[in-house]
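Peer 1: Using the hints provided, position chain B relative to the given structure of chain A.
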Amino acid sequence: MSFINYPAREINCKIVYYGPGLCGKTTNLQFIYKKTNPDAKGKMISLATETERTLFFDFLPLSLGEIRGFKTRFHLYTVPGQVFYDASRKLILKGVDGIIFVADSQIERMEANVESIENLKINLIEQGYSLDSIPYVIQYNKRDLPNAAPIEEMRKLLNPNGVPEFESVASEGPGVFETLKSVAKLVLVELKKGGGG
Amino acid sequence: MAFDKNKSMMAAQKFFQKGQYDRAIREYEKIIKEEPKDIKVHQKLGDLYAREGKKTEAISEYNFVANFYSEDGFYLRAIAVFKQILKLDPARIQINLKLAELYHKQNLIGDAIKQFQLVYSFYDRKGDTGKALDTLDKMAEMAPSNLSLRMKLADAYYKNKFIDRSLDEYVKIGEQLKKEERVGDLVKLYERLIKHHPDRVDMVSILAEIYLNVNKLDFANSRIDMGLRVLPNDKKLLYMKSRVLIKKEDHEGSIKILNELLKINPEFVEAKEELAFAYEKLGKTDLLGKLYTQLMIYYQGKQQHEKAGHYKALYANLTSTVDDITGTEDVSGLGGVASDVSTIDVIEDVVEVDIVEAQEMEVLEVEVLEEVTEIEEAAEPTTFEAVTAVEEDISQEVIDDAGRMIMLKVDTYVKYGQYKEAADVLKGYNDSNSEYISPKKRLAELYLEIAKSSEDTVEYNKYASETYSDISSLAKKKGMSNLADDAQQKAMELDPGLDTTIETGEIDTDGVESFDVVSDDEVVIEHVEEMEIPDSIEIGDMGAEPIEISVDSDGFMEGGVEFSTEEIVVEPVDIGEISIDSGEIPIDSGEVTFDSGIETREGKKLEGGLISMTPEDDSLAEGEEYFDLRKELEGVVLDDEMSLESKGGAGLLGEDEHFSFEDVFDEFKKGVEKQFGSEDYDTHYNLGIAYREMELFNDAIKSFNISVNDPNKRVDSFVMMGVTYRDMGEFEKSIDYFREALDTPGMELDEKNGLLYELAFSYEANDDIDQAYPIYKSISKEKPDFRDTEDRIKALKDLVSENAEVNIEVEREEKKEKDDSKPQKKKDRISYV
Chain A
1 MSFINYPARE
11 INCKIVYYGP
21 GLCGKTTNLQ
31 FIYKKTNPDA
41 KGKMISLATE
51 TERTLFFDFL
61 PLSLGEIRGF
71 KTRFHLYTVP
81 GQVFYDASRK
91 LILKGVDGII
101 FVADSQIERM
111 EANVESIENL
121 KINLIEQGYS
131 LDSIPYVIQY
141 NKRDLPNAAP
151 IEEMRKLLNP
161 NGVPEFESVA
171 SEGPGVFETL
181 KSVAKLVLVE
191 LKKGGGG
Chain B
1 MAFDKNKSMM
11 AAQKFFQKGQ
21 YDRAIREYEK
31 IIKEEPKDIK
41 VHQKLGDLYA
51 REGKKTEAIS
61 EYNFVANFYS
71 EDGFYLRAIA
81 VFKQILKLDP
91 ARIQINLKLA
101 ELYHKQNLIG
111 DAIKQFQLVY
121 SFYDRKGDTG
131 KALDTLDKMA
141 EMAPSNLSLR
151 MKLADAYYKN
161 KFIDRSLDEY
171 VKIGEQLKKE
181 ERVGDLVKLY
191 ERLIKHHPDR
201 VDMVSILAEI
211 YLNVNKLDFA
221 NSRIDMGLRV
231 LPNDKKLLYM
241 KSRVLIKKED
251 HEGSIKILNE
261 LLKINPEFVE
271 AKEELAFAYE
281 KLGKTDLLGK
291 LYTQLMIYYQ
301 GKQQHEKAGH
311 YKALYANLTS
321 TVDDITGTED
331 VSGLGGVASD
341 VSTIDVIEDV
351 VEVDIVEAQE
361 MEVLEVEVLE
371 EVTEIEEAAE
381 PTTFEAVTAV
391 EEDISQEVID
401 DAGRMIMLKV
411 DTYVKYGQYK
421 EAADVLKGYN
431 DSNSEYISPK
441 KRLAELYLEI
451 AKSSEDTVEY
461 NKYASETYSD
471 ISSLAKKKGM
481 SNLADDAQQK
491 AMELDPGLDT
501 TIETGEIDTD
511 GVESFDVVSD
521 DEVVIEHVEE
531 MEIPDSIEIG
541 DMGAEPIEIS
551 VDSDGFMEGG
561 VEFSTEEIVV
571 EPVDIGEISI
581 DSGEIPIDSG
591 EVTFDSGIET
601 REGKKLEGGL
611 ISMTPEDDSL
621 AEGEEYFDLR
631 KELEGVVLDD
641 EMSLESKGGA
651 GLLGEDEHFS
661 FEDVFDEFKK
671 GVEKQFGSED
681 YDTHYNLGIA
691 YREMELFNDA
701 IKSFNISVND
711 PNKRVDSFVM
721 MGVTYRDMGE
731 FEKSIDYFRE
741 ALDTPGMELD
751 EKNGLLYELA
761 FSYEANDDID
771 QAYPIYKSIS
781 KEKPDFRDTE
791 DRIKALKDLV
801 SENAEVNIEV
811 EREEKKEKDD
821 SKPQKKKDRI
831 SYV
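Protein chains in written order, with the numbering used here: chain A, 1 to 197; chain B, 1 to 833.
Next comes chain A alone, as it looks inside the complex (with noise of 0.2 Å):
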């Protein structure tokens, strides 16, 4: 939960971009830094191999400013989306203080996001967390794809709790920062009630 680090009067809470391989996530922190002024953000680190995919994990930590004295800092993170990496997805969960799962809307990836959201609470749990338990939104991404599932049919398949759930096409934008606020809220609600930690 989220880490406050007293002496250097700093809150920092930890967001994770989950989702399948190639769904978008780094896409998603690209845009967000490229889109953050730069006095309230860090490097993003993040590397990829050749085929573009996100080695270990992306970093991206962002800065609230001072809020009670405090500089608080949301720290995101992606995950590697493909399925044998998932030791590395474990350890990043780790101290996870609010999640967002990307979707892939393409027609032909339903299976790796349902395959991925099930890897996901798995993992949770794992860690004594669940879905219910820990903020959570969910992102549709690349919408502008010729061969997108209509939403319905994501929303059956993906929210039946009917979390906050936003459409996006994090190459170009729309939907990323709605995404992130929302999740954003949604900790620092929690934080507010004392389930920080």
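Cross-link-like lysine-lysine pairs, in silico, BS3-like; alpha carbons within 30 Å at most: (1) Lys43/A x Lys631/B; (2) Lys794/B x Lys192/A; (3) Lys43/A x Lys18/B; (4) Lys34/A x Lys54/B; (5) Lys35/A x Lys631/B; (6) Lys71/A x Lys669/B; (7) Lys192/A x Lys713/B; (8) Lys631/B x Lys71/A; (9) Lys674/B x Lys87/B; (10) Lys674/B x Lys43/A; (11) Lys34/A x Lys87/B; (12) Lys35/A x Lys713/B; (13) Lys185/A x Lys631/B; (14) Lys702/B x Lys71/A; (15) Lys713/B x Lys71/A; (16) Lys43/A x Lys87/B; (17) Lys783/B x Lys193/A; (18) Lys192/A x Lys781/B; (19) Lys83/B x Lys34/A.
Treat the hints as calculated values from the structure; they're not laboratory data.
This structure is a prediction, so every number in the text was calculated from the model and none was measured.
Peer 2: Then chain B, alone, in the frame of chain A:
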């Protein structure tokens, strides 16, 4: 001197590290000369050329690498390299095409289509219609249910004057819409199209069908007439015409049309049914007999016994009515059993004719029916009632072909009062076919009929009893216990001396065939009436993807398809006020509300070793502002009630980490080192935090050890090291780092209290209560509500030794001295307090 590749590689690497790219290039070129197939060197060379701005050379190298990967089946790698080429020169159409094909091979259909769209736009701009359409064709083929694509393809055909292909494509779109039950969308599309192409009977016919099924009879009639003007003998249109007339109760008109239709296709069963209905309505009983017989035989052949029974009953009713009218003798009773040989011969002939007709019709009419149902699938409200499996309803029993023929023969004998002959025929069949219940039941009933009016009552009752007993036995085997009991009861009643003991044993269910009451070839027909026709429809609302159509004065696309534009705007299509007489339909007349305006949605512009994915800082466009997350979260962010208590967390890395993860992590660290170097303190501090959150503590410490070199990060880094060591259980080290941090001059009170608390907490964790307690006490004195110091003090009070109490006294004195502005003593451990 022999070429030393390793040496050359090392030299190249060295030049690269020094930033002497031209010399690195020369080294790599040397290697390529010696080993032209070293793909990694080609890749490196490509990277270096690109870095040096030698675009052509870089592309050539990348092309070599990508083709190599592609040929060897490493499609993802090939994709990555082709993308590098496109970064250098996005206009290379062949590369876009290759990329599209690779995406397709990888089943990344969305990406493939996106790429093909670029290719299409290129050919389209170039005016290469053939290639442009081929590309669109490929796209449509890849995603056949993608209506947006199909629409674009159809529009493009039209634009390029391939009118028929365009219309065929629209028909496919219509079929897809129909499949998706988007009737409203379908109607709008076809109405728009037939306005300019009234000769497209396929579309006209579908429209008529839809209108007919929603009881918009005038509209349906108008479209049927439009179609019949082009194809006067079209069976489907004629049939629909007859249905319209029947619904309008114009039975004479309907009969006329149906007879026309039956002249064209004498085997059209549905037309016969309609005709029978019309005759019935007009009381033309003289014409009904043959029709009923034909229909009964047809449905028996199709194993639709209920329907067959229906027509049989109608026929029976008809003959009895006729007999009543003509005053002939009742032939249904046994009294009517003819003994006259010539009469029997005539009956035999009739029976044979019926059977032959049934056999012939079966083949022909199946074909006709299939044709009809194929056309009307999912749209035609079927008059066939679904056959449901009722466990013990033997009327649904499916008997074999020979049995059906025998039953027909029996019916005919019975019709003419020849019960004994009927019973003989049926007994012969039952003797050799023991597995069917319904013929046995029929035989038992026949025996009972004969027994009623014959001198041999006892004998025929006995036969009936035996047959019922037989039925009971068979029904038990089939698990139809009620039927078995009933039959047994009847058998007993008819012949009380019947020995039933044999039937009381266990029921042998082995080898019992299950009942198949629904034949395989039954068509499940959806009811179009159940389809929702919305009042107003946006084609853009069609589910998966908005369909955007722009139209010209012909009702077609204006300006063709242009993927690179933001929107393809649809103008509302003015179907206009069209009178029914002219065969045109006022869509918005209030009777049928199909919004003629095909509204648009916003179209979206489509675009198309270890790599750094960190984007360059973009300069914002004019008028564009940075996203301010803080501002966006105003009102939610921290207020006075917000709890800031950290619960922290500790634990070592799980032991189940696999080697593969280590590999990945090593690679990652190398990448970070390469990308950020060791002087990017901010990044290392951030990385330290990230690693610590992942409980990769040693790596976190390494990162903080780097960031501590930045004076601005010194205290923070010490604190993080203190916290991290404490997480690791290394409390002594944790204490040392907090003390280091405390030595930093110029610290603010809150910061100092925070540090003291962490220090005390580490002492406490290290079981050094005597050190922890006074620190908590001192914090409490400064700021009693600081975190949970009061609780800590209460918890530790009883555990602290006397010595510590003394220290507290010392501390108080020191504090007093401080307050008196006396010079402070040299710090010792307690001096932090």
